[in-house]
Each structure stands twice: as C-alpha cells, then as structure tokens.
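Student: Could you build the full structure based on these sequences and the hints that come with them?
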Amino acid sequence: MLRKKLSVLLAAAMVAAAVVGCGGADQAAAPADNAAPAEEAAPAEDAAPAEDAEAGDAEAGDAEAAPAASGDVITVGYAQVGHESDWRTANTKNYQDVFSAANGYELSLIDCDNDNAVQLEAVRNFITQQLDYIIIAPIETAGWDTVLQEAQDAGIPVIIADREIDADASLYDAWVGTNTKNEGVTAGNWLAEYLDGKEANILVIEGSVGASAALGRSEGFNEVAEQHSEWKILDSQSGDFTQDGGQEVMESFIKSYEGQFNVVVCHNDNEAYGAMDAMNAAGITYGVDGDVILISFDATHDGLQYTLDGKINCNVECNPIQAAVVAEVIQKMQNNESYDATTLVNDEAFVAPGIESQYATTMTEDILAGRAY
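Numbered according to the working numbering, the sequence shown spans residues 102 to 474.
Just so you know, nobody snuck in bad clues.
Mimicking DMTMM-like on lysine to aspartate or glutamate, the simulated pairs with C-alpha atoms at most 25 Å apart in a straight line are:
no., residue 1, residue 2
1, K194, E222
2, K333, E320
3, K356, D390
4, K299, D390
5, K299, D336
6, K194, D345
7, K194, E449
8, K194, D467
9, K299, E457
10, K433, D254
11, K299, E359
12, K194, D173
What the hints contain is simulated information worked out from the structure, not anything from laboratory work.
Since the model is a prediction, treat every value here as computed from it, not as a measurement.
Tutor: As structure tokens, then:
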C-alpha cells in the first residue's frame, strides 16, 4: 500500500552528500572514424506504468527542486544501475543536481556497475542507515519482493525509477520513468513508414539481458514487425548497452550475415557507436546515404549529432532527466499530500534531415543546441 512519511532527522545530524562508486571504468568513446563532439490524482493501489498515466514534465532545465517543507534535510538513497552509457551518466548527474544540499537533501548515490547483487546490497544498506527515501533504478526486473518488503517493514518509502520491476505493486510507493515498449513501437512505426512496403532484413543489438528497457523495446518493435510479412529479424543479441558490446555483436553479425541485412536496430546510442565502428571497419555504409538503415534509442547529445549528420536514420528518445519528477513525488509525500503512483516522463523521436515523419521530428542544429545531455 502507498505510504507517506515525514522526515524525523534534523539538519544538524546530516553530513555532506555522498556519491559512492562500485565500479570505475571510463565512459566509452564515440565511434573512432566519425567522432562526435564531447558532450494530481489520489494514489492508486497499483504502481505499474500505464499508457494513460500523467506524463511528467522533465525538461533539462528542471535541475532545482523545492527544499524540504519542514526545513529538515531529507536523506535519499539512489541505487543506480551503473555507468554503462552516456544516458546513464546524464541520469546520474541529474540526480546529483536535483538532490543537492542546496535543495534540502543529502544524497547517497551508489553506482552498482550493472551487478544485481551489489544493487540489492546497496538497498539493504540504505535500509540499515534508516534513510528517509529509497530510489531504485533496477538492473533486472525480477527478484525484488524480499528487499522491498524489508524496506516496507522499516517504514521507508521506495520509488522505482527509469526501469520497471516484476513485483507486487503494494511493495513500493511510486514509479517514475519512460514507456520503453512505446519507444519500440515508435521505432517500428517509423521504419514501416520509411520503408513503405519494402523488404527489411533486420539485425537487433539488444540491451542488457533482463533489463526492462531491453525487454520493452524488443516487445514494442517486435509487435510492429509481426504486422509486416516483408520484414525478417535475422538475429538479435545483447550488446549490454555498451559501445564495446555493440561493436562485438556487430562484428559477429557481419561475419554471419554479410550482404544479407539492410536494417540495424541498437537499443541505445552507445551500442550504435560500436555498430558504426564495426561497419566502418568492414566498409559497410549506413545512414541516410548508406546501404543500412540505422535505428538507435536514447537520443543523447552525441547520438543526435550523428542523427543530424545523417549517420543515424532515426533516434528514439529515452529521457534521462527524471530527478525533478521524483523530487516532486517525495515533496508530496513529505507534505502528506496525494501523489500519482505512476508518472511517465515525456519522450520524443528524431530523424535525420531530409526525412519527414509523422512519428518523429526532423533533427536540426537548434534542437541539438538545446540538449543538455
């Protein structure tokens, strides 16, 4: 059941916000041959994402949240997936900016380095520390019931962010994120529009195994693909949301399906960069003027630069700027106000110049200049 909780810790008992890393690998670089520049309804019983849920207004400028209404410092633990992509880096920074001391928070952020066991341990540490709120961006969808029950028994509200979980919705208090199935549907609808009845031989580089973002994008895209008998998905393998993973999978695909494919779908921009590196090395052209249509997800700054350059045909956004929406939910809990159990963060889709689509916006320099991530 949904619960609301008032902070009971005084500001004098707080220490500076801490960011603790579980892994120290550097962020993967952009493709070597074409490097881009650096970069209110009452609570519901169920908190699973829904098609008609109210969309959160999470623009890049929403970096500040209202201070704690009581004047007390609010302690928040965030169990972050890791640092596997540019998207994740932007998401982490957004939480650091919003849940700052200046805004009335003490943030303990754990980079779990894509290790599910580490993430479960991080949440249990938050419970032991008796933090006011716990936020989880789940690495995997399954296996959450026990630790969520522990948090509930401790009286600590839990917000699931970014991704989804397979758990009884009564065990957590709210969900904030994007609709990844819709992202997959958007990519599929755009491809159908772009091909206009032509054949498609498709290779898919999926995200991390068990991640709801990968599952949702696959489900949505496959749902559209099943409606087109002229489409064939030749293969689908995990690139683990990383550039190295994307390159490795694409190199394998090229060996197995050389000359047989004309569409590559990557579940995030970093995988797309790796696929581009592999195709560059193999002399395969891609993008608007190439032999291969390249679709990506996330719409990070560098990914949209490649879209503007015509290297990526279509890039479907997964908005990482979500912390202000989560903070709004927490403030309502603090004030004992009603809040939405489910909040969808708005997404867009973008296509390369020269492409017109009812499903996506044509990329421009002005749009790119307005991206903060």
